[in-house]
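Build out the structure end to end from the sequences listed, making use of the hints.
So the chains spell out like this:
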Amino acid sequence: MHLPDIELHEATTLEEAAAAKSRYAPDARLLAGGTDLLVDLKAGRVSVGHLVSVNRIDALRGVSETDGSLRIGALTTITQLGCSSIVRERFSPILDATGKMAAPQIRNVATVGGNIACAVPCADLPPILTAMHASVALWSPKGERSVPLEAFFVDARQTVLRDDEVLTRVLVPKPPPGFGAAYARFALRDGNAIAVAAVAAGLTLGRDNTVRSARIVLGAVAPIPKVVEAARTVLVGKRADEEAFSAAAVAAMEAAEPISDVRGSADFRREVVGVMTRRALATACRRAQENAA
Amino acid sequence: MMTPCTLAINGHKHCVAVEAGDTLLDVIRDKLHLTGTKKGCNVGDCGACTVLIDGQPMNSCLLLAVEFEGKAITTVEGFAKSGKLAPIQKAFVHEGAIQCGYCTPGMIMSATALLNENPDPSADEIKEALAGNLCRCTGYAGILRAVQRCNNYRSDGTCAEKDRAAIGNCPDEVGSPRGATDDETASKCKEPRRLKPAAQGSKYDSVGVSIPRVDAADKVTGRALYTGDVSLPNMIHGKILGSSVAHGRIKQIDTSKAKALEGVIAVITGADVPDTMYGVSPARYDEHVLAKEKVRHVGEPVAAVAAVDEKTAEKALSLIEVDYEELPAVFDPVEALAQGAPQLHDRYERNINTHVDQDFGDVEKAFAESYRVREETFVGNHVYQSPLEPHAAIATWDHDGTLVLYSSTQVPHYVQYMMAHVLHMPLGRIRVIRPTVGGGFGGKAATSPLDLCSAILSKKTGRPVKMVYSREDMFHYGRGRHKQHMKFKLGVDRDGRIKAFDSEIYLDGGAYSSFGVATAYYAGSVVPTLYHIPNYRYNGYRVVTNKPACGAMRGHGVPQPRFAFECLLTMIADDLGIDPIEIRRRNAMTPNTITVNEMDIGSCEFLATLDAACEKSGWNEKYGKLPRGKGIGVGSGGFVSGAGYCIYRGQVQLSHEKGREPFQKRPIFPHANAIVKISEDGMAAVLLIGAAEIGQGSDTVLTQMCAESLGIPASRVRIRSEDSDISPLDLGAYSSRITLMGGHAVSRAAEDVVNKMRPYAANMLGCNEADVVARGGRMFPTRAVDDAHRAAGFSPRGPATGEQPVDESLFVLWAEVARKYFNDNGPLVGTGCYKPPEGLGGDYKGATVGTSPAYSFGTSVCELSVDLETGKVKIDRFTDYHDCGTPINPRAVHGQVEGAIVMGAGETIMEEVQFDEKGQILNPNLHGYLMMTIKDAPEIFSGIVDSYEPRGPFGAKEIGEGSTLPVLGAVAHAIANATGTWIKDLPITPEKILKAVREKQKPSAISDQPSPVSGERPVT
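If you read the sequences in order, they're chains U and S.
Following the working numbering, the numbering of the first sequence begins with 1 at its first residue and continues without gaps.
Following the working numbering, the numbering of the second sequence begins with 1 at its first residue and continues without gaps.
These are computed hints drawn from the structure, not numbers from a lab.
It cannot be assumed that every hint is accurate.
Across the chosen pairs, the derived CB separations fall in these ranges [as the list claims (entries may be wrong)]:
| hint | chain 1 | residue 1 | chain 2 | residue 2 | range |
| --- | --- | --- | --- | --- | --- |
| 1 | S | A123 | U | S92 | 15 to 25 Å |
| 2 | S | E69 | U | S47 | 41 to 51 Å |
| 3 | S | D359 | U | S47 | 57 to 67 Å |
| 4 | U | D5 | S | G462 | 25 to 35 Å |
| 5 | U | S265 | S | G11 | 47 to 57 Å |
| 6 | U | D155 | S | Q914 | 43 to 53 Å |
| 7 | U | G143 | S | L225 | 54 to 64 Å |
| 8 | S | V652 | U | I259 | 47 to 57 Å |
| 9 | U | A230 | S | R998 | 20 to 30 Å |
This structure is a prediction, so every number in the text was calculated from the model and none was measured.
Every residue gets a Cβ at the ideal spot worked out from N, C-alpha and C, and that includes glycine.
So, in C-alpha cells, the structure goes:
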C-alpha cells in the first residue's frame, strides 16, 4: 500500500510545529522517525491529512547529563541512545531495551520521543524508563510541563499530550546509591521481534540487602506500561531474594491485563510475566548491589 | 501535489518531482529506476529496501523522500566502482551468500554499515547487524561466512581478477572452475567430497565443482531484473480487489466510482473474464479469474483495476462497492465434512475435494502379527512459502496478437498452458518471459490471478499492465502448505522392523483445488520410499474450507506426514529401548528396490547418511545423556528427483482442442528440452532451456553440465532460460526436477554438438571419429595418430591440461573445429531432450504421484536448548547428511540444505498463518508471520555422502525439496528429548511447550523412560 495523500509541514521550530499541529488537529500527526506512523498510515489504521515533521528541529536531538540526570532529546534515535557514553556508563539498564528493540534499520530511524508518544502497548522504552522514574517534558506555546512517565499514558495509543503540545525530552533522574534496574522481555524469535511480555524492574537496596524502594512496570500485557503497585508492597522492606522476587512475580501476574493475539494467549502472557519479573528483579538486584559499593 | 526534491544518491544529485507521501523507496525505484533496492514488505519487516543514509542502514520504505534532501544516500548500485566489485560484493559472490538474490542488496547495505564501523566483527555482531534483513533461501550460513571473510577479498591478491564479475556474468570470470580459490574455500568449510567415477572412468572438469553462481555478479550489483523491476514504455499498473468475506454470494458490484476516479483506465469484474475455469490439476479446474457468483475465502479476487500508477489503482479498489450475501463459512476440514456443514462447491460433496484410498499388502494381518503397535495423532500447520520477492506480472500484446507475459513464476510452461486455456488461444501465441525470480518454494508454481488479470487488462486497454502483489495480497492468494490432521498407526516386530503402517489424513485444502489433488496423493506416496514398509494403507481426504487455497510447498504434501512418521518411529524405538538411529538403520530403504506402492528406487545411500550424521553429531555421546532443557533429535527424509509424469495429460496443445485423454503410462513429450548454439567463432556456447531459475541455482548447474559435455570451460557457456520464445520447453522448477531432467537435456544437446564436430576433429587429428574427446576447450584423439598428420604440423600449443588418457601431444582447439563446422554447414547447434522412463509406477489409482526416475535420502540431527520457564526454543546446531547422487555444485547443494534447515526449523517452531473466526488472516505480514532471522538460525554442518544415480546426469539426483524433509522430525524429537514430552501439533510454540511441561508432573529426559505418551497398544 502507498501512503494516502498527505500534506507535509516541515517545522523548524517548536512554535511552528505546535501551530501546525493545533491548526489541523485532529487531522494531523507529528512525524519524527515515522517507523510506527508510516506503517499505520499505509495500513489505514491511522488516517490523517497532515503530517507535521519535527525532524528539522535540531534542538530536539542529543543526549546530555545535568547534575547526574539524563536528558534525552525527543528526536534522539534508539541507536544514538544506545551508543551514548552517558547511557552506557551511568544509565545502562536502558540498553536492555535499546539492544533488543526491532532491528538496526529501525533503531537508526525510530526516535525516543516517538517510542514514547506513540503509546504502543508493546513499546520497549516506556517500561524501563518508568522503572527508572523518568519524566517527559511537554512543550506548548503556553509553557512547558513535566509529566512523570507513569502519568503520561492514558490508554493504548493515547496519552495526555494535547494538540498544541510536543514531547521535547525525557529526563531520567540520577539513580540513588544502591539503585539497580533491568528490563526483561520475551519475544517469539531472537531477531527483530515484538515483545510478547516484558517487565522492567527498578529497585533500591539498603546495605543489608533489604529493598528500600521498588517499581515493577509491565510492557505488552496491558493497554499502557503498567506499574504494579502491589509488587512494591510485596518487596519493600523484604530481603532481596528469590522468595521476595517470586512474590513480586505473583503480584505482577495478577496485575497484568494481557490480551490473546497471534503472539500468544492471555494465559501464556501472564505466565511469562511472572518469569520475566523474576529475571528482571534478579538482574536489577545484582546491579543494585554493584551500585551500592 | 508534486514538489521538486533533490536527492544525492551514490554521489550524484537527482532532481525529481515527488509528492509529500512518496517514500524514498518508491522514488528510488519508480522515479529514478534504481531497482537494485527491493520492495519486499513495504512496512519495515524484511530489510530488502535497506539503503544507507549518511552511512547508516535504514528501511527506505519507511522514509519520506522529501525529508532526505541533502543526505548522502547509497544504494546497491553505488558499490561497484568502475566495474569492479566492492570487497563485500566479492565475498557474497564467492562465499555462497546468494540464492534468489532478492535480499542480497539489503544484506550488503547492512553488512557494509557494520564493516565500516567494525572491520573485524564477531559472529554475534554480524548477526545483530543483519537481524533486520530476512533471507528465505540461504539459511544465512553463506551470508554470515561472506561477512566474516570479507577482509579476504580486500587485497589485490587472488581475488583481483574476480573483479571482472562486475562487467560480465560468466562464472569463469570470477574464478576458474578448477581455480585454487574455489577448491580452497570449498574445503575450508565443507569436507572434501570424493567423486565416484562415472561409468566411463572419466573425471569431470566442470561438474562437481563449486563455481560461483552464474547470476551472482548481477545479484550483488542490483543489476538483476526481477519482474517488479521491469518497466515498459506506456505501462500502467493494476491491482486486484479481494473479497472481504469468507463465503458469500456476490449480489452486485458497483464500479462506477472507481471508473470515475482520475487516472483509472479500466475496471473489470467477473462479468469481464472468460467463463473458463482454471487451476492446476486438470480434473479439478475450479477457479475463475475473478469471482463470478460466489466467493469462498477472504481475499478471493472479485475485481481488478488498471490505472496510471499503483497508488491510483489502490485508491480505485477502495471505491469499488461489492454487495455480498454472506453465507455460513467453515474453516476446519473435520467440521467441513460433517452433515449440515456449509457447502463450498456443488461438485465437492461433503466438501471432499479428493479422496485417496490405497491399500497395499495385508495391514490388519500384519498389525496382528506385530510385537508392538502404536497409534498417534499429529496435526500440521498452515505454512506459507513467503518468498522475499512478491509475485508480479506484466502483460503486453504485440501487434501480431502475441501475448507477452513477464511473470515471476517457477513454471513458465504451465503458465503458458493455462493462459492458453483460459484465453482460448494457441500456446504458440503466448510468450512467457521469466525475469529473475526472488524465490518460490512452490508459491509461484501455478498461474496466478496477476498473470491472467494483467493479460486481460492489457488487452482491454492496449497498454502494458504491471501487477505486483503486496505482502498481504500474497497471503490472501495463498497456495501455502496444507495443514494436515494425521492419524498414524505403526506396527513393528520385536527388533523394531516395520510390519505395517496405516495412515489417515485430513488435508485442509482451502477453497480451491490448486495442486491439492496431487498433494493428497503425495501425502501418502512418498512415505514408503524411505523405509521398507511391507504392508501399507493410506486414506486421505482433501477437504475444502473457506480459506485461501493451499498448494505445493517445498516437499509438496510430504513434510507433515514425514514429521509425524519420524516422531512415531522414534516413539516406538523408545518404547522398545532401541536407539532412534538404529531403528532407522534396521528399516532403511536399500538400493534397487520396488516399494510396496511400486515406487522404483534406484541408488540409495540412506544408511550412509544415518551413519555419517550419527558420527559427526556425536549422537552416541549425547542422546539420553543431556541435561533437561538440552535436546538432541534425529529425523530422516527424502524426495523425488522430478515427477515421473506431466501435470496434464497428452501432448502440448490447447486443451480445448482435445478431449479428456486416457492416461498412458509413459511420458507423451519430453519434459526437458535444450538447444546448444555455438557462436560462429567457436568461442562461446549459448545454452537455451526453459528451466526456471528461481534462486535454487539451476542456471548454474545446467551451465556446468553443459560445459562438461561440450568439453569447454563453464566460463564459455552462457545460459538463456528466461524466454519461451528463445528457449525450448522445460516443465519448470517443481518436484525438484531440473538437475536430473534439465541436466540430461542440456548434456544431450551438448553431446549432439560434439558429435557434429567429431568428423572435423577426426579429420584434423587423423583419428577415428569415435576416438575424439573434447575437454578443456580442446579436442584430443584417444589413440595415437599416424605420422603424416603429426608431420603436418599438429604440435602442442602450450602444455595440455587434464588427465585424459589421450595422446596429449596432439590436439586441435575446440573453437577451431567449431569454425570449420560452421564454414561448411552454417550454424553449429545441438539439441537434446529428456523423457522420464516409461512405465513408472503401479496400476492403481493415483499410482503416478510419487513416481520419479530417482529418489534422494537424508538424515538430520538437531541440537537445541529449551528455556523450560518460558518454553522458548533455541536451535543450536544441525548436522545433516544427504544422498543427492553426484553433487553438480557442492556449494549449491549445501546452500539448499542450509536454507531448508532454517526454513524447516522455523516451520516447526514458529511459522503459522493464523485466521480469526471470520476467516480473516491475522498475520498477513512478516512481523506477525515469523520466519527465522539470522539471529535465530542454527549453526549448520552439511555433508554429502558418496552416491551415484545411474538414471541421473553425471549420477546426480535432487536436493531442493528433500533437504526439508528430515528437519521437522529432527526438531520435534529434540524438543521432546529436551522437555521429556512430545508435542504433536505444529508449530511447537513456546506456549505449547510450557503447557506440556506444566502438565507433565515429574518430567525426565524422553530417552530415559519408555513411552511417555499415551496411545500405546502393545500386542502380545
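Against the structure, the hints come out as follows:
no., hint, result
1, S:A123 with U:S92: 15 to 25 Å, "holds (24 Å)"
2, S:E69 with U:S47: 41 to 51 Å, "violated (27 Å)"
3, S:D359 with U:S47: 57 to 67 Å, "holds (59 Å)"
4, U:D5 with S:G462: 25 to 35 Å, "holds (29 Å)"
5, U:S265 with S:G11: 47 to 57 Å, "holds (52 Å)"
6, U:D155 with S:Q914: 43 to 53 Å, "violated (25 Å)"
7, U:G143 with S:L225: 54 to 64 Å, "holds (57 Å)"
8, S:V652 with U:I259: 47 to 57 Å, "holds (55 Å)"
9, U:A230 with S:R998: 20 to 30 Å, "holds (24 Å)"
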